[in-house]
Amino acid sequence: MTTDKKDLYRDKGETGSLLDEMDTSNKNLQNIGVEILPVHTEGTVHAKRIPGKFRTFKWWAASFWIILFVGPYLRWDGHQAILFDLPNRQFHIFGLTILPQDIWILAMILLFFALLLAASTAIAGRLWCGYFCFHTVWTDVFTWIEEKLEGQPNKRMKLDKQPLNFEKLKIKVPKHLIWLLIGLATSFSFVAYFVDAFDLWSRLFSLEWGVTETTVVIALGVATYFFAGILREQVCIGFCPYARIQGAMYDTETVVPTYDKERGEPRGRMRRAKPGEEVPELGDCIDCNLCVAVCPTGVDIRYGQQFGCITCGLCIDACDSVMEKIKKPKGLIRYASLAEFGGKQLPAIWKRPRVVVYSSIMAFAGIMIIWGLLTMSPMDVKALHERAPLFVQMSDGNIQNKWTMKVVNKGSVPMQAQISVEGPEGLTYSVDKVLEIQAGNVGSATLFVKIPKKQLTDVNTPIVIKVVDLNNPAVVERYETAFIGPRVR
Amino acid sequence: MAHHNPWPDEGNTGHIWDEDLRELDNPPPLWWMLSFYAGFIMIVFYTLYYPVIPLTDETGEFTKGMAGWTQVEEYHEDYKVLKDWRKAKFADKEEKLASMSVDEILKDDEMKSYAVATSKMLFGDYCAACHGAGGQGNPNFPVLADDDWLWGGKPAQIEASIKNGRIGNMPAKGMMGNLTEQEISDVADYVIALSEGKGNDAAYAAGKAVYAKGMCLACHGPAGKPLAPAGAANLTDQVWRFGSDREEIINVITNGVNVKKNGSYIEGTKQAVMPAFKERLPNAEVNIKRLAVYVHSLGGGQ
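Residue numbers (numbering that gives the first Met the number 0), protein chains in the order written: chain B, 0 to 488; chain P, 0 to 301.
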């Protein structure tokens with residue numbers, strides 16, 4: 000495509016995209032896209048840490064993850080407050096017990112959070128990536144430890160280049176040990192949501208862990224160490240699918256950390272002009288590269304929005320501190336949308352279609368969760384109709400249907416389930432027993448229902464199977480089903 | 000293909016089409032290639048070790064690998080493990096089942112559930128071919144899920160039926176074999192009326208007379224109801240052994256059930272033979288009990 004053809008395909012004027020400045024007359028590799036994905040390729044990113052608003056906010060957001068470590072030790076009614084008991088197929092969340100029958104609530108919870116991610120990303124970029132994601136947080140903590148032990152980035156880089164010797168090991172080994180320890184603490188806490196935490200501790204000291212527990216703790220622990228300690232930003236850039244999905248959730252109204260090109264360019268170092276020398280007209284960017292130095296993923300925000308940027312705001316902190324020093328207004332890099340740079344007014348949040356659609360689905364999921372939790376019955380009834388035969392002609396002229404009744408006790412106290420049937424006149428039924436069901440168990444009974452043939456006007460006759468807990472008569476489940484008879488002629 | 004290469008440093012293969020469309024040489028990483036080659040070497044050992052070569056020798060035996068491993072052997076070994084596990088796990092239940100009578104099992108919730116659960120496959124293998132997968136019966140074969148029993152629906156009677164088998168018996172054209180077509184038609188009407196509860200209506204007096212003359216009452220009882228279950232159908236109820244159709248009823252009265260002449264069945268007679276299962280079933284002692292419990296709980300046990 001020649002230059003004049005390119006213009007046919009593009010709007011007149013700037014789009015704010017990197018493609019604007021691309022020379023497409025020669026199609027060598029640099030010109031077909033290698034350069035427009037600026038990825039840090041010179042080894043480990045050693046980012047500088049400087050204080051600031053976003054730095055503080057990042058620590059607050061990160062402290063949210065303390066819950067992960069504390070959670071397993073919370074108790075409720077004598078058992079672990081949050082326990083995903085897979086062997087017994089029960090989820091305990093405080094006073095609530097969720098059995099597989101209620102798993103649709105879990106689907107609603109997942110839907111809610113998926114849409115929360117979408118909505119927040121559409122409004123303010125990769126909030127999750129930048130502040131809350133466990134990988135971001137763990138990497139942040141790991142590099143903080145690294146800085147405490149090895150010093151500032153330049154020292155770290157020098158240490159990395161040194162040949163292996165005792166001095167180097169003396170610094171490196173404790174660091175890796177601490178990382179590994181954090182990794183194992185993480186995996187231990189994770190596993191402690193699936194088995195009782197105190198039990199897990201006591202069995203750790205008596206060396207009685209099972210294969211699954213041991214494998215999961217070691218594998219997850221090593222993975223944490225490896226991902227947060229060694230791979231770091233490579234996970235965000237190369238592995239993580241959410242990073243890519245979220246890029247697709249942006250639009251021109253999404254606010255993300257952006258470099259104000261108009262104000263900053265042409266960039267250059269501030270120089271005091273010698274007498275008689277012409278001072279070039281420069282923008283506010285003094286090309287100090289501090290924004291690059293602090294970036295945990297090693298990108299240069301001045302290239303514009305790019306896939307390596309996790310929108311953590313640390314470059315904003317860096318740039319603001321410089322602007323303060325050179326007495327220029329802050330905000331050369333700031334949270335801003337493409338629309339803003341295009342000179343357009345940002346519509347109110349509730350007037351953006353994406354936000355409206357996302358939040359209505361979120362609201363739906365939220366209502367379903369609340370409704371599900373409020374109406375959750377401690378009893379679950381399933382009636383399985385006998386398939387062969389569907390019905391039987393009895394000697395006294397009745398038609399008989401057979402059901403296998405399954406009653407699940409989802410509550411925490413034993414249940415006495417009595418089954419009765421309501422239907423057309425002349426209906427009789429027999430159940431082999433009143434079910435005694437322990438908490439969390441299933442009881443099974445055989446139900447026979449007979450209806451006189453002359454009462455049946457159709458192949459299907461609606462009947463209601465009613466199950467009452469005799470220990471707590473307020474618990475009643477009505478199961479609507481069909482009684483099947485011969486074809487009526 | 001041009002020989003002029005304007006991009007010498009790019010690592011292309013020198014194959015350039017349409018002036019700028021070119022093939023790059025991006026070899027896979029070394030570790031990848033090494034594992035690729037290792038895969039080829041692996042094939043050689045695999046071929047030697049496992050049964051790979053699809054040839055048979057003179058005896059028809061297939062070519063085994065050096066390991067002598069075969070899939071079916073592994074299956075048998077695994078299956079044996081499962082079988083042994085099952086046997087060990089349920090040994091006490093089986094023992095208990097053997098020591099109990101069918102009546103006792105039916106009264107014991109746990110043992111009843113166990114007997115029913117372990118019967119499904121047996122029933123499918125030995126009974127379902129005639130009686131249907133759920134005891135729903137088949138044309139000419141009795142329904143087991145209803146409450147009409149030719150030979151009695153009490154647990155002990157069901158057990159006896161399974162153990163020793165049953166052979167139905169109904170003479171053709173009445174006990175003496177001398178009913179005329181008109182008489183058969185009359186008695187058929189009477190029998191239908193019996194099931195509708197109208198047996199004493201004057202309209203069926205002729206049929207009622209034939210019922211007595213043909214000695215039907217000897218087996219089916221004076222009022223159409225057998226005095227004791229001995230293979231004769233209850234004619235007053237709503238369940239028909241062979242079909243409620245008038246044609247079919249006339250056919251059964253005319254040709255009887257299991258009627259033989261010179262050692263072979265006469266044409267049109269109903270063949271109703273249930274074989275004895277005490278010799279057919281494996282571990283018959285316990286399995287007959289199990290099946291009796293199962294049949295009893297299908298829906299009509301007494």
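Since the hints were derived computationally from the structure, they do not count as laboratory data.
The model shown is predicted, which means the values in this text are computed figures rather than measured ones.
Each residue gets a CB set at the ideal place from its N, CA and C atoms; glycine is no exception.
Heads up, some of the hints might be wrong.
[Claimed, not checked] Below, simulated DSS-like cross-link-like pairs (lysine-lysine); rule was C-alpha separation at most 25 Å, straight line:
1. B:Lys453 with P:Lys224
2. P:Lys111 with B:Lys432
3. P:Lys153 with B:Lys432
4. P:Lys197 with B:Lys405
5. B:Lys405 with P:Lys119
6. B:Lys432 with P:Lys95
7. B:Lys453 with P:Lys63
8. B:Lys432 with P:Lys119
9. P:Lys111 with B:Lys405
[To be verified] Which residues of chain P face chain B? A few of them, derived with a C-beta cut under 10 Å, are:
10. Gly13
11. Pro138
12. Asp145
Verification of the supplied hints:
no. : hint                   : result
1   : B:Lys453 with P:Lys224 : holds (23 Å)
2   : P:Lys111 with B:Lys432 : holds (13 Å)
3   : P:Lys153 with B:Lys432 : holds (20 Å)
4   : P:Lys197 with B:Lys405 : violated (43 Å)
5   : B:Lys405 with P:Lys119 : holds (19 Å)
6   : B:Lys432 with P:Lys95  : holds (22 Å)
7   : B:Lys453 with P:Lys63  : violated (69 Å)
8   : B:Lys432 with P:Lys119 : holds (21 Å)
9   : P:Lys111 with B:Lys405 : holds (17 Å)
10  : Gly13                  : violated (15 Å)
11  : Pro138                 : violated (14 Å)
12  : Asp145                 : holds (5 Å)
In summary, the structure is inconsistent with hints 4, 7, 10 and 11 from the numbered list given earlier, while agreeing with the others.
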